[in-house]
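Trainee: Given only the sequences and the hints, what does the whole structure look like? Please build it.
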Amino acid sequence: MNLLSKRRHLVKGVVFLVLLLFSTASAYAKTEIVVMSHWSGQQSDHILPYFEEYERLNPDVSIRFEPVTYAELLTRIQVSAVSGVRPDIYHLYNAWLPQLTDNEILAVPPAEVQDYIRENFNVAAVEGTTLDGIVWGFPTEVNDYVLVYNDRLFKEAGLDGPPTTWDELREYAEKLTKKDEKGNVIQAGFASWMGDTSGVVHPFYSLLFANGGSILNEEGTKAAFNSPEGVEALEVYQEIVSTTALTAYENFGSGHVAMIVFAPWGKLYFKEQMGDRFSDVKTAHIPPGKAGHGSVSYTWSFVCDNKSKNQKEAWEFLTWLNSVTEGRNTSRMGDYLADVLGAIPSGNADLTNHPDALGDPFMDAYIAALEYALPEPMVLPAAEINATIQKEIESVLNNELTPAEALKRAESRVNAILADY
Amino acid sequence: MKVKRGPLYWRQASAGLLFVTPAVILITVFVLGPLVFSFYISFFRWNMLQPLSRAKFVGIGNYVRVLTDETFKAAMWNTMRFSVGMVVLTLAVALLLALALNSKIYLRGLFRTIYFTPVVTSMVAVAIVWSYLYHPTYGLFNDILGRLGIKQMGFLTSTAQSLWSVMLVNVWKRAGYYMVIFLAGLQTVPAQLYEAARVDGANSWQMFRKITVPMLRPTVLLCVVVATIEALQVFTPVFVMTKGGPADSSLVAVLHMYDTAFSYMQMGRAASMTFILFVLIFIVTMIQVRLMQKGGVEAY
Numbered sequence: 000m001n002l003l004s005k006r007r008h009l010v011k012g013v014v015f016l017v018l019l020l021f022s023t024a025s026a027y028a029k030t031e032i033v034v035m036s037h038w039s040g041q042q043s044d045h046i047l048p049y050f051e052e053y054e055r056l057n058p059d060v061s062i063r064f065e066p067v068t069y070a071e072l073l074t075r076i077q078v079s080a081v082s083g084v085r086p087d088i089y090h091l092y093n094a095w096l097p098q099l100t101d102n103e104i105l106a107v108p109p110a111e112v113q114d115y116i117r118e119n120f121n122v123a124a125v126e127g128t129t130l131d132g133i134v135w136g137f138p139t140e141v142n143d144y145v146l147v148y149n150d151r152l153f154k155e156a157g158l159d160g161p162p163t164t165w166d167e168l169r170e171y172a173e174k175l176t177k178k179d180e181k182g183n184v185i186q187a188g189f190a191s192w193m194g195d196t197s198g199v200v201h202p203f204y205s206l207l208f209a210n211g212g213s214i215l216n217e218e219g220t221k222a223a224f225n226s227p228e229g230v231e232a233l234e235v236y237q238e239i240v241s242t243t244a245l246t247a248y249e250n251f252g253s254g255h256v257a258m259i260v261f262a263p264w265g266k267l268y269f270k271e272q273m274g275d276r277f278s279d280v281k282t283a284h285i286p287p288g289k290a291g292h293g294s295v296s297y298t299w300s301f302v303c304d305n306k307s308k309n310q311k312e313a314w315e316f317l318t319w320l321n322s323v324t325e326g327r328n329t330s331r332m333g334d335y336l337a338d339v340l341g342a343i344p345s346g347n348a349d350l351t352n353h354p355d356a357l358g359d360p361f362m363d364a365y366i367a368a369l370e371y372a373l374p375e376p377m378v379l380p381a382a383e384i385n386a387t388i389q390k391e392i393e394s395v396l397n398n399e400l401t402p403a404e405a406l407k408r409a410e411s412r413v414n415a416i417l418a419d420y
Numbered sequence: 000m001k002v003k004r005g006p007l008y009w010r011q012a013s014a015g016l017l018f019v020t021p022a023v024i025l026i027t028v029f030v031l032g033p034l035v036f037s038f039y040i041s042f043f044r045w046n047m048l049q050p051l052s053r054a055k056f057v058g059i060g061n062y063v064r065v066l067t068d069e070t071f072k073a074a075m076w077n078t079m080r081f082s083v084g085m086v087v088l089t090l091a092v093a094l095l096l097a098l099a100l101n102s103k104i105y106l107r108g109l110f111r112t113i114y115f116t117p118v119v120t121s122m123v124a125v126a127i128v129w130s131y132l133y134h135p136t137y138g139l140f141n142d143i144l145g146r147l148g149i150k151q152m153g154f155l156t157s158t159a160q161s162l163w164s165v166m167l168v169n170v171w172k173r174a175g176y177y178m179v180i181f182l183a184g185l186q187t188v189p190a191q192l193y194e195a196a197r198v199d200g201a202n203s204w205q206m207f208r209k210i211t212v213p214m215l216r217p218t219v220l221l222c223v224v225v226a227t228i229e230a231l232q233v234f235t236p237v238f239v240m241t242k243g244g245p246a247d248s249s250l251v252a253v254l255h256m257y258d259t260a261f262s263y264m265q266m267g268r269a270a271s272m273t274f275i276l277f278v279l280i281f282i283v284t285m286i287q288v289r290l291m292q293k294g295g296v297e298a299y
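Heads up: the sequence lines are chains A and B, in that order. When we follow numbering that gives the first Met the number 0, the leftmost residue of the first sequence carries the number 0, and every step to the right adds one. When we follow numbering that gives the first Met the number 0, the leftmost residue of the second sequence carries the number 0, and every step to the right adds one.
By construction, these hints were calculated from the structure, which means they are not laboratory data. Some hints could be false.
Facing chain A, from chain B, some residues (calculated, C-beta under 10 angstroms) [stated by the list, open to error]:
1. S121
2. M152
3. Y257
4. Y263
Straight-line Cα separation of at most 25 angstroms, DSS-like style, residue types lysine-lysine; simulated pairs [what the hints assert, rightly or not]:
5. K103/B with K407/A
6. K150/B with K174/A
7. K221/A with K55/B
8. K72/B with K221/A
9. K209/B with K103/B
10. K178/A with K150/B
11. K209/B with K181/A
12. K177/A with K55/B
Virtual Cβ for every residue (Gly too), placed ideally from N, Cα, C.
Mentor: Here it is as structure tokens:
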């Protein structure tokens, strides 16, 4: 190799090294925002393009998405907090707000962010995200519960429409249950989502509210669900669940379950599971009890970590994601929630300007149910209380305890938990 | 006569100390330190998100709360039942496999490998696959039962079957480990004893009862102690397959501790559960050691 050729190689090498150092330095100069959420699988596939759009508009920011299953999310948030490797943004189930604010995990949003949220998001969602006078983050989805049913199975059983009373609910659940020659239930008239806290507990809360009952007393210091209304509600729940082997989440989409009580976010999942058969799926109000229609509602929010070094960038990102900016009449988060997830967005503009998604017959009952849906109590031991009630309900659905026995036991355990606080 | 410890002694001793120091540091930092801290925190109401200065001293309050908690009692009862079932079944299967593989059978080495493979497989992966096998609607087991004309079983969705279903997975996974220990024990039995017995006209069952079992006693008792300690601390298969459900029918002590610490943020209460379980394991082990001594196992 002659001297000139050696020089050329040297120059190329130096140029390459400089470019490499520059790009590395640029990467390190970027602010990385880490977002932790329970949106995973097909749900996260649809949210990532918005993150990529923000990165293109803000080349000095990169966003890393950490999906965690819902069952593990609270544990991951705590472990992250203790380990010191904390995401900047959490997607939070609002029942956890008291625990996390009490432990100073969450950052207080800047005053202008809180004002923006109060002005641009619906009242119920803002209330669900407010604790001690502080609006802790951007509300995302508002969820409530209605009856979701497979109209094709109804027609096959000779039923014209959804049940409108508790007696009809019992009767239809029995009519829609099919067994094989060995007595195995091959089609359940109604199924719960066994093993999932919300899946088991929220249908009970909805029936409880419909019957005029409450979960806790007004002060949130004692259990109130062990009442004649609560026992009646749990009796109905027990009577309509014919088997615990078939579950709402796994088997409704496969056509083995005729009715479930479910939240609107299930729309994406069932649509992908059922394909064209999703046109068989209809929704209706849960039949009313003594107090009329009932449903439980809950909200999620995007909040920031108190120890994040990128709080300013995180709030800017969240504001962008949730804003109706020039040239749009909806927010990106609203588009994702309404058009993709099938959830009810919280932004005022999104509630008005997604007529196709929110006017979809599937969503009618959910929107209407927001009028009477009541929120879960926001108390410190909310997670433990829900898990305790879940186990007692599962005992009833497995015919191990009567509703009265189960609620009595649950009351005693919940009161012991509340007494700790 | 007192031995004088000269420079050579100290040189040798310091070399030895140097070699054990890393292990001592590791054990102190990762075992003893957390153990002492756990014991300390069991007298406080504290969640790990708060600084320790905010921990509230409750004395034996956590222990009283735990010992009167119905869920903890249910978890302990499930743990005891799981342990008895698992120890008996695992060791019985392991002993049978070891006896079979101790004889000169074709492809003995391959069979030993096959039976040991579950031991080295990740428990999480095993639990996930078995969850599919147990599925009440789509699982292989119910498919086979259906073809045999037997009614479907709930397995993991049944309160009566969930604990035993998880236990079977553990038996399948751990039998190979104890099989290897039993094989080693069988190979220490002098062949002359069997020869002499054959000459005296003993059949296989008599040789098993009168020679194999007594000679294997130390091995069996070691395996019982180890398997019991392991079973009392079961966590992974329950966590992956049932999360303690349905209705706490498969809830075990360690999973309840995990929920208490990480889901309900009651680290002090969870720490007190840890020490209650420790005392239980200690008592059970001491009973077993005494039985060993009474059984003539002098080494114990």
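Trainee: Checking each numbered hint in turn, tell me which of them this model violates, lowest number first.
Mentor: 1, 5, 11 and 12
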